[in-house]
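Trainee: Chains as they are written, first to last, in my numbering: chain A, 1 to 302; chain B, 1 to 337; chain C, 1 to 437.
Calculated from the structure, these hints are not laboratory results. Please read all numbers here as calculations on a predicted model, not as lab measurements. Any given hint might turn out to be false.
Quick list of simulated restraints, FRET-style, between CB atoms [to be verified]:
id: 1; chain 1: A; residue 1: L287; chain 2: B; residue 2: D228; range: 26 to 34 Å
id: 2; chain 1: A; residue 1: L201; chain 2: C; residue 2: S36; range: 24 to 32 Å
id: 3; chain 1: A; residue 1: V202; chain 2: B; residue 2: D228; range: 50 to 58 Å
Only pairs whose alpha carbons sit at most 20 Å apart, straight line, appear in this in silico SDA-like list of lysine to any residue [unchecked claim]:
id: 4; chain 1: C; residue 1: K77; chain 2: C; residue 2: E347
id: 5; chain 1: B; residue 1: K280; chain 2: C; residue 2: E347
id: 6; chain 1: A; residue 1: K90; chain 2: C; residue 2: T62
id: 7; chain 1: C; residue 1: K41; chain 2: C; residue 2: D333
id: 8; chain 1: C; residue 1: K58; chain 2: A; residue 2: T85
One-sided and incomplete, this derived list gives chain B residues near chain C with beta-carbon spacing under 10 Å [unchecked claim]:
id: 9; residue: N75
id: 10; residue: A105
id: 11; residue: P189
id: 12; residue: L193
id: 13; residue: D228
id: 14; residue: P283
id: 15; residue: S296
Glycine is no exception: its CB is placed at the ideal position from the N, C-alpha and C atoms.
For reference, the chains in residue letters:
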Amino acid sequence: MSSATEGATEARRRTPAPARRSPNAPPASFLWTRRILLTFLAVFSAVPIYVMISSSLKPLQDVTGKFRWIPSGLTIRPYIDIWQTVPLAKYFMNSLIVSLAATACSVVVAVFAAYAVSRYRFRGKRLFTVTVLSTQMFPGILFLLPLFVLFVNIGNATGIALYGSRGGLILTYMTFTLPFSIWMLVGYLDSIPRDLDEAALVDGCGAVGALFRVVVPAAVPGIVAVAVYSFMTAWGEVLFASMMTNDVTRTLSIGLQGYATQTQVYWNQVMAASLVVSVPVVAGFLLLQRYLVAGLTAGAVK
Amino acid sequence: MTATETPSSAAPSAPGGGERGGPPARRGLRRFLSARIRRGGLPYLLLLPALVLELLIHLVPIAVGVVMSFRELTNEYLRHWGDAPWRGLDNFRVAVDFDGSVGAALLKSFGVTCAFTILAVGLAWVLGAGASILMQDAFRGRGVLRALFLTPYALPVYAAVITWSFMLQRDNGLVNHVFHEQLGLTDEPSFWLIGGNSFLSLVVVSVWRTWPFAFLIITAALQNIPRDLYEAAAIDGAGIWQQIRKITLPSLRPVNQVLLLVLFLWTFNDFNVPFMLFGKAAPEAANLISLYIYKSSFLTWDFGTGAAMSVLLVLFLLLVTAGYLLATSRKKRGADV
Amino acid sequence: MSRSSRSRGRLAAAAALTTALTATACGGGTTTDGSSNDDPKTLTYWASNQGPSVEADKKILTPELKKFEKKTGIKVKLEVIPWDSLLDRILAATSSGQGPDVLNIGNTWSSSLQSSGGLLPWNKENFEKIGGRDRFEPSAVAAAGAKGEPPSAVPLYSLSYALYYNKEMFEKAGIDGPPKTWKEFDATAKKLTSDGRYGVAVEGGNPVENAHHAFIFAKQHGADFFDAEGNPTFDKPGNVKGVKQYIDLLANDKVAAPGNAEYAQNQTIKDVATGKAAMMLWQAAGSTLKPLGMKEDEYGVAPIPVQEGQQDAVNSMVAGINIAVFENTDNHDGAMEFVKFMTSDAEQKILNETYGSIPPVKPAQQDAAFGKHEQKVLREVLSNSSAPLPQVPNESQFETLVGTAMKELFADAAAGRTVTEGAVKQRLTKAQQQMQK
Chain A
1 MSSATEGATE
11 ARRRTPAPAR
21 RSPNAPPASF
31 LWTRRILLTF
41 LAVFSAVPIY
51 VMISSSLKPL
61 QDVTGKFRWI
71 PSGLTIRPYI
81 DIWQTVPLAK
91 YFMNSLIVSL
101 AATACSVVVA
111 VFAAYAVSRY
121 RFRGKRLFTV
131 TVLSTQMFPG
141 ILFLLPLFVL
151 FVNIGNATGI
161 ALYGSRGGLI
171 LTYMTFTLPF
181 SIWMLVGYLD
191 SIPRDLDEAA
201 LVDGCGAVGA
211 LFRVVVPAAV
221 PGIVAVAVYS
231 FMTAWGEVLF
241 ASMMTNDVTR
251 TLSIGLQGYA
261 TQTQVYWNQV
271 MAASLVVSVP
281 VVAGFLLLQR
291 YLVAGLTAGA
301 VK
Chain B
1 MTATETPSSA
11 APSAPGGGER
21 GGPPARRGLR
31 RFLSARIRRG
41 GLPYLLLLPA
51 LVLELLIHLV
61 PIAVGVVMSF
71 RELTNEYLRH
81 WGDAPWRGLD
91 NFRVAVDFDG
101 SVGAALLKSF
111 GVTCAFTILA
121 VGLAWVLGAG
131 ASILMQDAFR
141 GRGVLRALFL
151 TPYALPVYAA
161 VITWSFMLQR
171 DNGLVNHVFH
181 EQLGLTDEPS
191 FWLIGGNSFL
201 SLVVVSVWRT
211 WPFAFLIITA
221 ALQNIPRDLY
231 EAAAIDGAGI
241 WQQIRKITLP
251 SLRPVNQVLL
261 LVLFLWTFND
271 FNVPFMLFGK
281 AAPEAANLIS
291 LYIYKSSFLT
301 WDFGTGAAMS
311 VLLVLFLLLV
321 TAGYLLATSR
331 KKRGADV
Chain C
1 MSRSSRSRGR
11 LAAAAALTTA
21 LTATACGGGT
31 TTDGSSNDDP
41 KTLTYWASNQ
51 GPSVEADKKI
61 LTPELKKFEK
71 KTGIKVKLEV
81 IPWDSLLDRI
91 LAATSSGQGP
101 DVLNIGNTWS
111 SSLQSSGGLL
121 PWNKENFEKI
131 GGRDRFEPSA
141 VAAAGAKGEP
151 PSAVPLYSLS
161 YALYYNKEMF
171 EKAGIDGPPK
181 TWKEFDATAK
191 KLTSDGRYGV
201 AVEGGNPVEN
211 AHHAFIFAKQ
221 HGADFFDAEG
231 NPTFDKPGNV
241 KGVKQYIDLL
251 ANDKVAAPGN
261 AEYAQNQTIK
271 DVATGKAAMM
281 LWQAAGSTLK
291 PLGMKEDEYG
301 VAPIPVQEGQ
311 QDAVNSMVAG
321 INIAVFENTD
331 NHDGAMEFVK
341 FMTSDAEQKI
351 LNETYGSIPP
361 VKPAQQDAAF
371 GKHEQKVLRE
381 VLSNSSAPLP
391 QVPNESQFET
401 LVGTAMKELF
411 ADAAAGRTVT
421 EGAVKQRLTK
431 AQQQMQK
């Protein structure tokens, strides 16, 4: 990373005022509004999370009968059982592979596209952006079946199995996240001074060289933001996963339904499994939150 | 908008690059074949992967879906779509015949969806904007609170919705435990997953999941407001409420324009939350249009009518979006100048 | 950008799109048509979820598939698909031509799937390959497709509805035996309803269960949901009466708990096992009651009651799971071989015993395993007083629409609104109007 870009990133991070500075202490009305609203929101956010955590540590009779705030006893049994009740580890790996691959590919493709849109004028640019963004309006249900049939036909014509494979799901998810990713990255790239890549061009880098040596390093927060968004989308998708996976490639979103059996729903295991599958995304999201804010600040939100 | 290219290429005869238009006749072929061809082609080359993917996974299937909407695609023709008879606009007619049962149900579902979207987006925005503005100043515990607020958004949708459906059960759920047993607000335990209340449940779950997104975006936007604006206002004697009204809210306008649109589109088309909350047979009060289309397509095996409904839905969304953008950006442009 | 160049760009894009379109739009499953034997060494089998869970089914079926592999050298790739998504998966498979080689279907879908042409028809010649049509119970075969056409599938597990009751609760309330008519049923149920315990539990939030009961109750009122031409007749008086009688268990008679209106995860069985409810109308519940801790001698099984004064009225549907061969299979011979294996006497005995169902294969029925009380009742009901659900192409729509309408009615009733005959009729009329053609 050149020192110039580092400086630019740093500068951008520092300029926004992190807090309002007001010479007088805020009035009581403000403080009370704040206390009340934030308390309400904290309870609203926390209760389901508390239910998830506490129920995952309850014995089965606690979650099949009347709800109770305080567990009658704590047990980690659900956390052991979840791996046997359904092949959670397999689903977990599938989700991980699919989400990581979709994220990586989506980010690369989005960076290329966003660079083109941000830095060049070319014919069809408007058409491209408008078309890509308007795909966001189509309900998935409209093209679920056509996409399925298309995958099968591609498979029959080329021998590349897309239906039922992780590859098909990866392709689907990366495409789903592309429009928003491109749009967000264009905003971010627009905020990076053009002098930077022009300087690199003068230094003898090609346009692609300038992209990789100068623009990408300067755009890290934006790229991370896009990656987080892509990963979350892929990790949580339900509809297409239900149709396009099979026993071998099933992902978590579908696999989790396995805790509801003919006899009963193992709610404590459902909650334990939900927590286990949530931890990677939530942890990643909260850790990268700073980047996300930075990425959004400079990019999409301008 | 500026570009790193030479002025000549900005003329009407921009280099053709990857498109089929062919070389422009007015300029000399020699000049056209110069090194610039590579530069002219470069943006297309960069776009190519995105373009191919969008075409393959989004646009072509969507186009097939649109073609489906003109055909009678019932179970008899499922195996051979090509043989499905054309129905012209019949599928659309069925969908918008509001005297007929299908059309009436569609209209009702559309109304439910509109009400749901307005409520859910409105609440998500109010909560997000409120919380982010109130948390603009640093205070003890702000970091923890922010992490807590963002967690619902980060949770995978199925994990979140399963938890809510657990809480919303009538007999053993938390909600009735609190409202009925602990607070005694209701004489009888209420139903939250069937009947009229299911609409409320849907709104609450949706807001719970989406308001953190509004919170995140607005928090980010607030950091872009220059500090000197506040300082100047404070010197002028403006109190904190006035600062919020005069500086913060107007500065958020461009963000809100995009944020509200994105929230609107996502919420209107939401399938995952109602599907996971209510299953295939959603109660009428919470029968969102995406679910209704799913039902029309997959449960009554009429993919043609289902597709026609999707197309109508998209037309509506396009219209709203275009109108919204036109209205809001005109205002913005006026304000900018 | 000038107007002309923009429109030219659009034109090019449109052209590209059209080319892509013609390549795919008409290509629904046209590439591999009909069955072949391109892949004779493997089979893909979609099994429905019969046991307590998908994982349990895998454990039950895998050893059997191993036996088949040992015998024929054909490896069977098993996927157990939850009921919730089975039909969607079959639809997608049908429309694309890419699916399993062999699959289970609910026998009520037989006609619907038959008309889609996605399943291999079981004509005489095909039946010969698995030992002939005569081996199977005729009522089960009759429920495997429209009349006069070769069935779309072969019966695999047969089931019927019966009345299951908690013996201990009956004894405590001083009730001698299971009710035989609905009048007796009501009296019995009222006696059993007190102190938070209820006479009966119903799965009100599950459209499929609702539709099955609608069929049974309507039959007892002499009505059908389709006429002879296959046109829907949902709101005929007998159907309205039948549906209302079922809803009234919760609405008018209040012998079912209001919470039942949202039951959709088999809470009914749990309520009976735990003594929260005394009775339920269910198919082959024994294998599910056992893991819930209810021993065989703790519950009784009897035929579902009939209306006052009725003799030999229908009191169950011919329920069951059929096994079908996917028309586009690339291992036709192997698939036939596999169906033959699954319907062989030995496998029929093992599988039906495990699942608590009745073998539709006559020789297997003779086994002692099916001489137990529960199985005997189910078998008698099946052969004496069951009728198949309407064998019409849009039967699955009937289940969805009527079942959902009843779910709404239960919700109304549970919320304390009175459910009148008019309200029932209105819902059924609306459901009928949503039927396509």
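Trainee: Which of the stated hints cannot be reconciled with the structure, identified by number in ascending sequence?
Mentor: When the structure is compared with the hints, numbers 2, 3, 5 and 13 turn out to be violated.
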